[in-house]
Amino acid sequence: MTDWRFMLHQLRRNPLSMAGIIILLIFVIIALFAPLIAPPPEDHLDPYVIPRDGYSPIPQPPSGEHYFGTTEGQYDIFYGVVWGARSAFKVGIAVIGMVLIIGIILGSLAGYFGGIVDEIIMRVTDIFLAFPALILAMAIVAALGPGLNSVLIAITVVSWPSYARLVRGDILAIREEDYVEAARGVGASHLRIIARHILPNSIYPALIMASLDIGAVVLSAAALSFLGLGTPVGYADWGQMIQFARNWIVGPPGNPLAYWYTVTIPGLFILFFVLGWNLLGDAFRDILDPRLARR
Amino acid sequence: MELRAYIVRRLLLLIPVMFGVSLLIFGVVQLFPPLQRATLYIRDPKQLAHLGEVVDKYGLNDPFWEQYLAWLNQIVHGNLGWSKIVAAPVGEAILKFLPTTVELAIFATPLIILGGIFLGSKAAANKDKAIDHVSRVGAIIGWSLPTFWLGLMLLMIFYGYFSGLFPPERLSTEMNLLVNSDAFHQYTRIHTLDAILNGNIRVLGDALRHLVLPVITLTVVNLAFIMRLMRSSMLESLGKGYVLTARAKGLDERTVVNKHARRNALIPVLTISGYLFAAIVSGVVITETIFAFKGVGWLAWQSAVQLDISTVLGFAMFTAIVFVMANLVVDLLYARIDPRVRLGGRAR
Chain H
1 MTDWRFMLHQ LRRNPLSMAG IIILLIFVII ALFAPLIAPP PEDHLDPYVI PRDGYSPIPQ
61 PPSGEHYFGT TEGQYDIFYG VVWGARSAFK VGIAVIGMVL IIGIILGSLA GYFGGIVDEI
121 IMRVTDIFLA FPALILAMAI VAALGPGLNS VLIAITVVSW PSYARLVRGD ILAIREEDYV
181 EAARGVGASH LRIIARHILP NSIYPALIMA SLDIGAVVLS AAALSFLGLG TPVGYADWGQ
241 MIQFARNWIV GPPGNPLAYW YTVTIPGLFI LFFVLGWNLL GDAFRDILDP RLARR
Chain G
1 MELRAYIVRR LLLLIPVMFG VSLLIFGVVQ LFPPLQRATL YIRDPKQLAH LGEVVDKYGL
61 NDPFWEQYLA WLNQIVHGNL GWSKIVAAPV GEAILKFLPT TVELAIFATP LIILGGIFLG
121 SKAAANKDKA IDHVSRVGAI IGWSLPTFWL GLMLLMIFYG YFSGLFPPER LSTEMNLLVN
181 SDAFHQYTRI HTLDAILNGN IRVLGDALRH LVLPVITLTV VNLAFIMRLM RSSMLESLGK
241 GYVLTARAKG LDERTVVNKH ARRNALIPVL TISGYLFAAI VSGVVITETI FAFKGVGWLA
301 WQSAVQLDIS TVLGFAMFTA IVFVMANLVV DLLYARIDPR VRLGGRAR
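One line per chain: the protein sequences are H and G, in this order.
So the first sequence is residues 1 to 295, counted in my numbering.
So the second sequence is residues 1 to 348, counted in my numbering.
Since the hints were derived computationally from the structure, they do not count as laboratory data.
Any given hint might turn out to be false.
Looking from chain G toward chain H, a few residues come up when the C-beta cut is under 7 Å (computed) [stated by the list, open to error]:
1) Val17
2) Phe32
3) Pro33
4) Pro34
5) Gln36
6) Met156
7) Met317
8) Thr319
Derived list of chain G stretches under chain H, where covered just means 3 residues or more per stretch with a C-beta under 8 Å from a C-beta of chain H [claimed, not checked]:
9) 133 to 147
10) 285 to 295
11) 300 to 306
The beta carbon of each residue, even a glycine, is placed where N, CA and C say it ideally should be.
Only chain H is shown next, with the shape it has when bound in the complex (with noise of 0.2 Å):
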């Protein structure tokens, strides 16, 4: 990729594409700091797990002990949010990890071999495309049992299909190209061509606008969480987080918004994590498109 300085130039050039690193940055930097900025308690088993005070059903207000407030059952907002900011990195990363992995075998052999193969392959995403994502990967997590692997499975599953499409569509454009021919003549395998002739001429727009689904990954890994679909209660998650604050959008007559922290706090963190790739995600998008390309 000779392209990569071009690249850094334009995103440098465009405030939103910065604006959307810097959300990152501060989100990475919450991560990877989490124990620190919000230590988990003394003989806490595991960090991911929200500490609790007490067990009052009733959300309490932000206050020096509490900095962003409790939810009900006094789960302690900040450190939910800080911690979640782990979870979000862990279940985006893992699942573009698996996504890519099916998406570029399989595309692979779809683009590369094409006739039946193709044929067989490509039906099989119609159908997976076919239905709603969601449901799907509700009754996956339904079917696998409630928890943070069962999301992650569910969400690989119902989202493959998109980027085998995304492979096969790049390597189709470059299969006939002469130095494909010329491996292929001097008797190369067809694991080889793939891999050392096809693959790393081919993907790198795939594996960019996949790393920036992290987002859409992670919204969607939320929307589980919040229909009760997802990490076992109490663990850091910012959709099961919103799920807490469900009861508490009203509050007693006289004072409505009396528990504004309990859904706003969250609903933020997710807001402003999937903006981050986002914006990220439409500078490249731009840079990507060939239509657009170097005018």
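Put chain G on the given structure of chain H with help from the hints.
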């Protein structure tokens, strides 16, 4: 005649798609151990002691293919199974929840599409000016918004702060009683439409008031996509030769944009619009859940959470039909808009 053959062929394509989707969902269901699936067949807690017999009776331990074929056999005979959640046959259950969702789709889809087309062409016509930048940032924020969070925030403000201005659910208790009484005839069970047919202004007003927040939520999260698509499509169209020709003829800019550029730019938007309508009809789970607007999305959610397998499978079939039909309608419209498209003919 050519057209009819084309439609028939497209409808035949439904069969493999539905076959695949059912296989997929059935495969997911097979992840459950047979004993757990057996609990879905019992009506009486006493039967719990004899779960093994239930497993044998319904062949839950049989190989995957045998179970699938048995289920398929039921489907072919028009038996989609029994929905435990609704306590009705699955087909009936879906039809019962459909009007609610259709009502949402009827109000939200035109807003999303027309709004998106309008804002998108404005942005394209003013490329790189303030309005373009603002709409771009707005679009990025719009599709970064978590639907469930937006819905809850709207409820917090318009239901909480403005004490009950735009409430959740479909109707107020009083109107709900009226609608279900003999004084009101439910033609379609789409409340706004029924209210008009009954000439009842109060029901109409109440139904509309309850529609405001879910429709806003759906519009905000979906508008951005149509808008950006329209913008890029419009920009491409504005760079074409026929636009240059039109300008060279001395036509004023508004005619060029509205007549020459926009019509061609609409084609990709049309495809997505069909898809969008299908997506909304086949269930907007989160919006329906948050606003207690109980339509097919809510039904699908409940059946997935409560493991009501026959309802999930029935829903899967329903979705496949909706999507294939939407695609078909879009393709037919294509041929109307773009004379270069010939249905079923050879590609040029």
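Verdict on chain H covering the stretch 133 to 147 of chain G, where coverage means 3 or more residues with a C-beta closer than 8 Å: With 9 residues close enough to chain H, the hint holds.
Per-residue hint verdict: threonine 319 of chain G, partner chain H, C-beta under 7 Å: Cβ of threonine 319 of chain G sits 6 Å from chain H, so the hint holds.
Interface hint status, methionine 317 of chain G versus chain H (Cβ within 7 Å): 10 Å, violated
Within 8 Å of chain H's CB atoms, at least three CB atoms from the stretch 300 to 306 of chain G: coverage verdict: Per the Cβ count (4), the hint holds.
8 Å C-beta criterion, at least three residues: is the stretch 285 to 295 of chain G covered by chain H: holds (count 3)
Closest C-beta approach of valine 17 of chain G to chain H relative to 7 Å, hint status: 6 Å, holds
Interface hint status, methionine 156 of chain G versus chain H (Cβ within 7 Å): 5 Å, holds
Cut-off 7 Å, beta-carbon criterion: hint that proline 33 of chain G touches chain H: At 11 Å from the nearest chain H Cβ, proline 33 of chain G fails the 7 Å test, so the hint is violated.
Hint check, glutamine 36 of chain G versus chain H [nearest Cβ-Cβ separation less than 7 Å]: 10 Å, violated
Restraint check, 7 Å cut-off on beta carbons, for proline 34 of chain G near chain H: 13 Å, violated
Restraint check, 7 Å cut-off on beta carbons, for phenylalanine 32 of chain G near chain H: Constraint on phenylalanine 32 of chain G satisfied, holds at 6 Å.
Of the numbered hints given earlier, the model fails hints 3, 4, 5, 7; all others are met.
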